[in-house]
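Novice: Residue-level listing of the chains:
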Amino acid sequence: MFQADVGKATVEVLERLGCEIDFPMGQVCCGQPAYNSGYVKESKEAMKKMIATFENAEVVVTPSGSCATMFKEYQHIFHDDPIWRPRAERLAAKTYELTEFIVNVMKVEDVGAKLNGVATYHPSCHMTRLLGVKDAPMTLLQNVEGLRFEPLPNAHNCCGFGGTFSVKMGNISEQMVDEKVDSTERTGADFLIGADGGCLMNIGGRIERRGKKVRVMHIAEVLNSR
Amino acid sequence: MAMKIGEGKFKENVNKNIEDTFMRGAVASAQERLRTRRLDAAEELGNWEEWRSHGEEIRQHVLNNLDYYLHELAENLQKRGGHVFFAETADEANRYISEVVKANGGKKILKAKSMVTEEIGLNGVLEEEGCEVIETDLGEYILQLDEHDPPSHLVAPALHKNKEQIRDVFTQKLDYKMTSKPEELALYAREKLRQEFLSADIGITGCNFAIAESGSVGLVTNEGNAGLVSDLPKTQVVVMGMERIVPTFEEFEVLVGLLTRSAVGQKLTSYITTLSGPREEGDADGPEEFHLVIVDNGRSKILGTEFQSVLQCIRCAACINVCPVYRHIGGHSYNSIYPGPIGAVLTPLLGGYDDFKDLPYASTLCAACTDACPVKIPLHELLHKHRQVIVEREGRAPVSEKLAMKAFGLGAASNPMYAAGSKMAAAMMKPFTKNDRISNGPGPLKAWTEIREFPAPNRERFRDWFKQHEKGGGEQ
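In order, the protein sequence lines correspond to chains L and E.
All residue numbers for the first sequence refer to the numbering used here, where the first residue is 17 and numbers rise by one.
All residue numbers for the second sequence refer to the numbering used here, where the first residue is 48 and numbers rise by one.
The reader is advised that the hints may include incorrect statements.
[What the hints assert, rightly or not] Across the chosen pairs, the derived CB separations fall in these ranges:
#1 R231/L / L86/E: 39 to 45 Å
#2 V446/E / G162/L: 52 to 58 Å
#3 T321/E / K110/L: 52 to 58 Å
#4 R231/L / E297/E: 54 to 60 Å
Simulated from the structure, these hints should not be mistaken for laboratory data.
From the three backbone atoms N, C-alpha and C, an ideal C-beta is built for every residue, glycine too.
Extracted from the complex, chain E is given alone in its bound form (with noise of 0.2 Å):
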């Protein structure tokens, strides 16, 4: 599995979801309790606007100059005897961990949650190498033991499942006999984790944020899995997209508590690790191994574009979880690990416009995404900028709206046209017209008459009441 998740054509695979009414219930209700936790956090913080302005600025500074922090933080990583690896495509960064897998005769693989290694396909190519494989964030591990079910979220990422769903897989697929409670299941999961942990070769992280200056790595996880995948196992690998830096602790800082409160509406989450090279002299745990792989894979080519902005991003999801489109579709509609807003815009810069086209329109430009972003990201606007390039750079856009447009120009633009245009709207909807309602318009009404009634043009029109209400004076 790589970033995209499936061959079906976007609206095919709305056209099946929306009739998915228990992924729609699950993720209603985890739209609704994730969007007013945020809120609550972030009301408790105080000085919210503020917060994220200084959030913002951190991600843009930090954007303007990440030659120079990258360069940072390998040179620290490495003075403490890590390895770093600059990966120029997915491709690049498979190669070079499959690679360390086998020098270090590595077997079985256990991984804390990682977008960035979705993105890359990077489960798939060490399964065919021979290696078993363990997600260990709880809603990956679900997913791993349903046949591989893709993402649909980017911090929950088993939300389009409820409880039931959830034991009906173990039971399946394990020998678990309880009940659907969450804590039960949890329970279990963990039992069945704890086992593998104590017996992996190689552990395999993400990175939420690397600090420049001490050339660390930091882990934010609610379950403390990723503490235990960087622990235990003797080689530690961790796979970060390249614009996840921040230059100090002090910065590191801020954007945790923008992340953690955006993401689930916590102060903090029950970890924050960071991770600074291999074991020490002196240190009680550690891996001797340290392997830092940063990728690339199309992200320097968005650098110094109109869509820069979207690489601020820092995962929290908070644009996910207040979309009203996302809402109805669910996160495997995008065909892509990035659903909602945020897949929207970063999808097709990263996959391109051959598969992912349809993405940008998957919004109505209502902008809860930009107000709920911590960190800013104009992310209407750049859906916006999206459709843009289409229809002007790309000239994709069908032919029939290319000339309705042209009309637009045109016609809206002339107001003898736009005048005429009006007075003889009335007459020409005639035939369509009962009640003042047009139940099955024709042409570009079609469309819309599917779905709802459309109102018939006044026979008055406003400019001819205007006229003759200006010459009684203003008297009614």
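In isolation and in its complexed conformation, chain L is listed as follows (with noise of 0.2 Å):
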């Protein structure tokens, strides 16, 4: 709803890779926020959607890893179901983060794509911690014409998004958000890359809040750069 120009890029990337996409317009969300707040029982019915509706899919991709951890979760959160739990393996099985899927699966570390400046890149912690995804997003980067990057301090510490946290501990989420817009400006980079929506809406709000001139990019939009 938000970030339409990162839909399109991961469908266009993906399109130029040879994948036949489809967007199954039944989807909804995968009911992280309601569930990370503890609420189980409502976030159950945005889950059972989702597997429902993806289950003719061939593959899942999604540009968030913490959407793709949480497609991931649901065979744990129906454990107990036994019409559920089953439905749920099977899309666990078949889900991929953008990067891991390119990478991992379609066996492609350069997409082809050109963008001038210097980067840094934010390791998200869902995509990193919990799917355990860490070295696609950089093997792809890594080989995008034009691109040099810079690491970034404390890369491993979260941006302080959080999904409710960000306003439910406004000022806790600030102080986290300021050190990670602190260190990105203190690598030098033009661009600040993420591979998740929730993250990049978290420190590009405080970039432009700050007025600070660093652009901040989902990963699926620098490698939809030509």
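Got two chains here, separate frames each, mind docking them using the hints?
Specialist: Right, dumping it as structure tokens:
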């Protein structure tokens, strides 16, 4: 809804690599905002909807490590449900985060993207720690022509998004995102690249509020740059 | 002082502490140092993931057979002439220890660092009885001098203070006249404490791990103070949380290795002491009387529940050292002697939701804690479990949030409503939108836009674009 460009870039990059893309219009939110706030019952409705919607897909690719993690979590959430658990397991087995899919499934490390400038990369928490996708984004980014990388200090620290945390604990979130923005600025990068919409909306929103010049880009947009 | 260390609300504490630039500087630099050391030590050992799994397995085995090992521990210690007391509550533990002190005419009590004695508030009780209680761990000593400032970290209790602040404490409270060099400060404290060691009546220590097979108590320190506290005074009291136990010395070795590497990045600390009851004939030193106080204080209620794994904790503070929330708010914000991710899980279990229900929300669920834990406690999952209990079992969530989440349940799960919502969003947000940005949003966006810009919903929805794109046969 708020990041149509990321969706478009994802479709275009995958099509260029020869994939046939379907976007089932029946899909909704993965349920994480309610689930992480403790509303497990409410979130299950969204989860069931998602499981059913993607039942016929060969693979499911999402440009968000956090949403992919959630898809893989469904099987544990429905662990005592004999009907939904097997369906959730099948969904988990065929779900991939975008860069993981390109590098590990399609075996492509260079998508032929070009972007001039200096970049730094923020590794999102759920994607690296819970999904275990650590290297795929940098593998792809290092092959983007014209892009030079500067390491982000304390990159491992969360940006302070955390879904409802960002508003529930706004004062703490502000300190966390400020440190992330300061670290980004110290690298002298033109672009801050990430692979998760939530983190980027948080860091990007703070960068704009503070009037900083760094441009925040989703990795799909970078890979779609020609 | 007991487990709860303040009366302020969590949010008030946070607002106060994020203004404390000294504390935040001290915490950030300590985090970076301790994190790097831990990672280096793990790499040097090799096969870290296998060691973690082994540690987890040992801790789970003990928790699943806790009654058996507690019995074995008590029996073996009693055989060697030690006294064992099971305290169901903090009060029971404090009362027993007070009686031991009185019976021995104890006036001067030396303590080695122990979180469980902080948890039960032992020092305050003994001081009320007219005893002089002296902390001998350097960090605890500093805090005690500084008007009983509470600990802000499990391993480095004075982590929130920098060396200049420590110098000021020594100068104001004692006759210190040197600089803020750590070596000078430590040497001074050592000289002061050495005099105390020689004149104490009772020694009180905690327990890192008790060893069931031999009825021993294992203590891990870098300062050697626990050894002196347990060797010199005539009467020795050890206070342990009931879950801090290992079957044999073999598991002791594994867990000590995980503890010292995770806590301070050392293969071993400078001193690892095991005590096995009172002095026996022919022993050169050791206490004449030995008491082991095993504290439950709410732990047995956690056993067998979905939160049992929190009892695997070996108090290394690795989770605290990587927590991005703790980094900015410091330990005192949590209102508990157990701060950080482990504290946010454990404190509400021991102290209840009335005082501590904000703590499980003081996390982005980034899972850095879970990743760092040497005994694989799924800390971020336990934080999430607390939230679920607060919402579903306790019914303590704010009404506005409940309504919003109910709407989420209905709206997100229904595709027509979700799709319509995304269509309406752009129109609804138009009055608040300037240059595709929302700077002062309505309703739930208000809190977000107090800190950051919010992207206006795209005028061209992805869904509409995709439909057009499909019609075009995928051509660009």
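Novice: Each hint should be assessed against the structure and marked as holding or not.
Specialist: Results for each hint:
1. R231/L / L86/E: 39 to 45 Å: Since the Cβ atoms of R231/L and L86/E sit about 32 Å apart, the hinted range of 39 to 45 Å is violated.
2. V446/E / G162/L: 52 to 58 Å: Holds - the Cβ-Cβ distance for V446/E and G162/L, about 53 Å, lies within 52 to 58 Å.
3. T321/E / K110/L: 52 to 58 Å: 53 Å, holds
4. R231/L / E297/E: 54 to 60 Å: At roughly 56 Å between Cβ atoms, E297/E and R231/L fall inside 54 to 60 Å, so the hint holds.
Hint compliance for this structure: hint 1 alone is broken.
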